[in-house]
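**Q** Top line first, the protein sequences correspond to chains U and F.
Residue 170 in the working numbering sits at position 170 of the first sequence, with consecutive numbering throughout.
When you read off a place in the second sequence, starting at 1, and then add 1000, the result is the number in the working numbering.
Calculated from the structure, these hints are not laboratory results.
Among the hints, a few may not be true.
Which stretches of chain U does chain F cover? Using the computed rule of at least three CB atoms under 8 Å from a CB of chain F, they are [what the hints assert, rightly or not]: (1) 46-52; (2) 190-204.
Quick partial rundown of chain U residues pointing at chain F, CB under 8 Å, derived from the structure [stated by the list, open to error]: (3) V17; (4) E21; (5) V31; (6) V32; (7) L40; (8) P71; (9) G110; (10) G114; (11) V151; (12) A153; (13) G163; (14) A171; (15) E179; (16) Y180; (17) E183; (18) P184.
Non-contacting residues of chain U with respect to chain F, defined by C-beta distances greater than 12 Å in every case (computed) [stated by the list, open to error]: (19) P9; (20) R25; (21) E36; (22) S61; (23) R87; (24) S93; (25) W95; (26) E129; (27) G131; (28) A148.
Glycine is no exception: its CB is placed at the ideal position from the N, C-alpha and C atoms.
Number of protein chains: 2
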Amino acid sequence: MQVAVVLYPGFTALDVVGPYEVLGRLPDVEVVFVAERTGLVRNDLGSLLIEAMATLDDVTSPDVVLIGGGPGQSAQMSDGPLHRWLRDVDRTSAWTTSVCSGALILAAAGLLTGRRATTHWAALDMLTEFGVTPSRDRVVIDGHYATAAGVSAGIDMALTLAGLISGDDVAQTVQLIIEYAPEPPYHSGSVDSAPATVRKSAIEILTA
Amino acid sequence: MQVAVVLYPGFTALDVVGPYEVLGRLPDVEVVFVAERTGLVRNDLGSLLIEAMATLDDVTSPDVVLIGGGPGQSAQMSDGPLHRWLRDVDRTSAWTTSVCSGALILAAAGLLTGRRATTHWAALDMLTEFGVTPSRDRVVIDGHYATAAGVSAGIDMALTLAGLISGDDVAQTVQLIIEYAPEPPYHSGSVDSAPATVRKSAIEILTA
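Here chain U stands alone, though its shape is the one from the complex (with noise of 0.2 Å):
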């Protein structure tokens, strides 16, 4: 089984790591991360580099087409070659993902129109502006698409898609030896529990 992990500047690293540290735990997986061109590809906070092994015509017929998010996701929401590469492949994928704001990507793409799906809760009521009916879901399926919440929902999303692709059993031992049994210190990781205060800096944050 063939994972395709897109790549392009600006990316949030987490989105795609979470995810891959799962997948790529799976039986009989190949992961290979993609962008438009191959070599280094930078992240939001500028600070971390990683390579993309193959270009969007290297990899053809992925089984699962994941993209996250990040402020780079604005930078590629018009039709071009990314675009193109994912209505292609989805044809044929078993499973097309994404993780926070990569879902506007899809979305952008046509692979979402009359579909439910989740993404970034800050971006959430752009999902309506493509079709798509928003959910505050944190992992949403919807035929062949899953889509998680922002950043570290991708994990989420990534151990439920390891329970449809390896069974419950694969999946459950990737939980174990990933050792994702969460304690966050603080109870402010959705809009619903956070502070009003602490909801007013993200925003100030995200919007910068």
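Start from chain U and add chain F according to the hints.
**A** Just chain F, lined up with the frame of chain U:
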């Protein structure tokens, strides 16, 4: 504030990228990925390459040092340039931190002697060989040392550290930005909660 994230061949990606995503979002922070040599460093699964932009010698007084774990940890247990560097920077660091089996490297370098620390559940017993008291807590703070349990626990450790470094409001804001309100689809993230068959499978994979 400078955060140095150590890379070595065979590191586990989420060990470092999880806490990076949190610490990299603190105010006035500069993160640098360091290794013995600059250039690409390959992870344990073989499919992810992260660029080390500085050598150990380039980074002489980071405020925070972070070292992750992974199968590559076993090749980093002998005294040498990495251990010497860890001891050097630890003299002035505000925080010296590890995720997963990265704690064994800190321990082997002599930094955790007489301390409480945690590591990946499958490696906990090994801490005692270095005069360290193993803890089954997910995050352990002892002096200026912060250690996290396996892989995904680095996110919880980094949020705890974020609160200590930048205050609760900032830490909570970062938590909301990365939408860290985890909903694992299974309850197999710890040895206590995982079914015995899952625990057996995980141990087989980890000791293969």
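**Q** Does each hint fit the structure? Answer for all of them.
**A** We went through each hint and held it up to the structure:
Under a criterion of three residues with beta carbons nearer than 8 Å to beta carbons of chain F, the stated coverage of the region 46-52 of chain U is upheld, 5 such residues being counted. Against chain F, the region 190-204 of chain U contributes 10 residues with a C-beta closer than 8 Å to a partner C-beta. That satisfies the three-residue criterion, and the hint holds. The beta carbon of V17(U) is positioned within 8 Å of a beta carbon in chain F (closest approach about 4 Å), and the interface hint is therefore held. Among the interface hints, the one on E21(U) holds; its C-beta lies about 4 Å from the nearest C-beta in chain F, closer than the 8 Å criterion.
The beta carbon of V31(U) comes within 4 Å of a beta carbon in chain F, closer than 8 Å, and the hint placing it at the interface holds. Given hint, V32(U) at the interface with chain F, holds; its Cβ is 7 Å from that chain's nearest Cβ, closer than 8 Å. The closest approach between the C-beta of L40(U) and any C-beta of chain F is roughly 6 Å, which is under the 8 Å cut-off, so the hint is satisfied. This hint is violated: P71(U) has a C-beta 11 Å from the nearest C-beta of chain F, more than the 8 Å allowed.
Here the hint on G110(U) is broken, as its CB sits about 26 Å from the closest CB of chain F, past 8 Å. Because the closest C-beta pair between G114(U) and chain F is about 25 Å apart, greater than 8 Å, the hint is violated. Given the 8 Å rule on beta carbons, the hint for V151(U) holds: about 4 Å separates it from the nearest Cβ of chain F. Annotation: A153(U) was flagged as interfacial toward chain F, and the flag holds, the nearest CB pair being 6 Å apart, inside 8 Å.
Interface restraint check: G163(U) against chain F, minimum CB-CB distance 6 Å, threshold 8 Å, status holds. With its C-beta approaching chain F no nearer than about 6 Å, A171(U) sits inside the 8 Å limit, and its interface hint holds. About 3 Å separates the beta-carbon of E179(U) from the nearest beta-carbon of chain F, less than 8 Å, and the hint is met. For Y180(U), the shortest C-beta to C-beta distance to chain F is roughly 4 Å, which falls under 8 Å, so the interface hint holds.
With a least beta-carbon distance of about 5 Å to chain F, the hint placing E183(U) at the interface is held under the 8 Å criterion. Because the beta carbon of P184(U) sits about 6 Å from the nearest beta carbon in chain F, less than 8 Å, this interface hint is met. Look at P9(U): its CB is around 14 Å from the nearest CB on chain F, clear of 12 Å, so calling it non-interface holds up. The Cβ of R25(U) does not lie farther than 12 Å from every Cβ of chain F; its closest approach is about 7 Å, which violates its non-interface assignment.
Every CB of chain F lies more than 12 Å from the CB of E36(U), the least distance being 18 Å, so the non-interface label holds. At roughly 18 Å, the least C-beta separation between S61(U) and chain F is larger than 12 Å, which holds for a residue marked as non-interface. No Cβ of chain F comes within 12 Å of the Cβ of R87(U); the nearest lies about 25 Å off, and the non-interface call holds. Annotated as non-interface, S93(U) keeps its C-beta farther than 12 Å from every C-beta of chain F; the closest such distance is 18 Å.
No Cβ of chain F approaches the Cβ of W95(U) within 12 Å, the least distance being about 15 Å, so the stated non-interface status holds. With a cut of 12 Å on Cβ distances, E129(U) stays outside the contact zone with chain F, its closest approach being about 21 Å. With 12 Å as the threshold on Cβ separation, the claim that G131(U) sits away from chain F holds: the shortest Cβ distance comes to roughly 24 Å. Not every Cβ of chain F is farther than 12 Å from the Cβ of A148(U); the closest lies at roughly 9 Å, contradicting the non-interface assignment.
Hints 8, 9, 10, 20, 28 from the list above are not met by this structure, while the remaining hints are.
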